[in-house]
Amino acid sequence: MKNTAEYRALESRDQDFLFDMLFEAIYVPPGSPEVERSILELPEIKKYAASWGDLKGDRGILLSLEENPAGAVWLRFFRKEEQGYGYVADNIPELSMALLPEYRGQGYGTELLRRLLKDLPQEIQSISLSVDPGNPALHLYKKFGFNICGEWETSITMLFNRSLK
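Converting from the sequence shown to the numbering used here requires adding 6 to each position, the first position being numbered 1.
Because the hints were derived from the structure by calculation, they are not lab data. Careful: at least some of the hints might be erroneous.
Derived pair list, reagent style DMTMM-like, types lysine to aspartate or glutamate, alpha-carbon separation capped at 25 Å [claimed, not checked]:
1) 62 x 42
2) 124 x 50
3) 86 x 50
4) 86 x 157
Keep in mind it's a predicted model, so treat the numbers as computed, not measured.
Input sequences plus hints: build the corresponding full structure.
Printed below as a string of structure tokens:
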């Protein structure tokens with residue numbers, strides 16, 4: 007980590023950047039065609055960032071490097087009727103995380119996740135996520151104690167349980 011890094015809570019004013027991060031969070035395996043940005047308009051994708059801060063339990067951290075947004079990690083609760091890709095239960099928020107490509111592999115993702123988990127409120131005992139089996143972030147999640155709780159062809163659902171950490 008060479009640049010001056012600043013971390014702060016995600017706010018509603020970060021909405022546009024959060025959508026940028028949502029796009030970056032979509033894993034495209036090497037050799038696969040690029041995903042169009044219009045994918046963010048699909049309701050099953052858009053709900054991860056839309057109206058940030060308006061839903062109960064929205065929380066996240068924004069990383070800025072040299073005063074420019076560079077990455078984010080965030081949690082959002084979903085109900086069974088509108089479940090996300092990593093849904094486990096109504097009382098377990100889903101984690102999303104991304105960095106701009108030029109900042110990956112430099113420890114910033116590790117620090118974002120460390121800060122998020124360190125500052126979890128007591129009422130959040132577990133966190134879920136969905137990750138592609140080929141995504142390098144899978145190793146980061148395992149390092150932080152996320153365990154596989156479900157597998158499908160193109161995704162793995164993982165669960166972090168604070169009592170097991």
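Quick rundown of the hints versus the structure:
1. 62 x 42: Violated - the C-alpha atoms of residue 42 and residue 62 are around 30 Å apart, more than 25 Å.
2. 124 x 50: violated, 29 Å
3. 86 x 50: Holds: residue 86 and residue 50 sit about 13 Å apart, inside 25 Å.
4. 86 x 157: The hint holds at about 18 Å.
The structure fails to meet hints 1, 2 from the earlier list, while all remaining hints are met.
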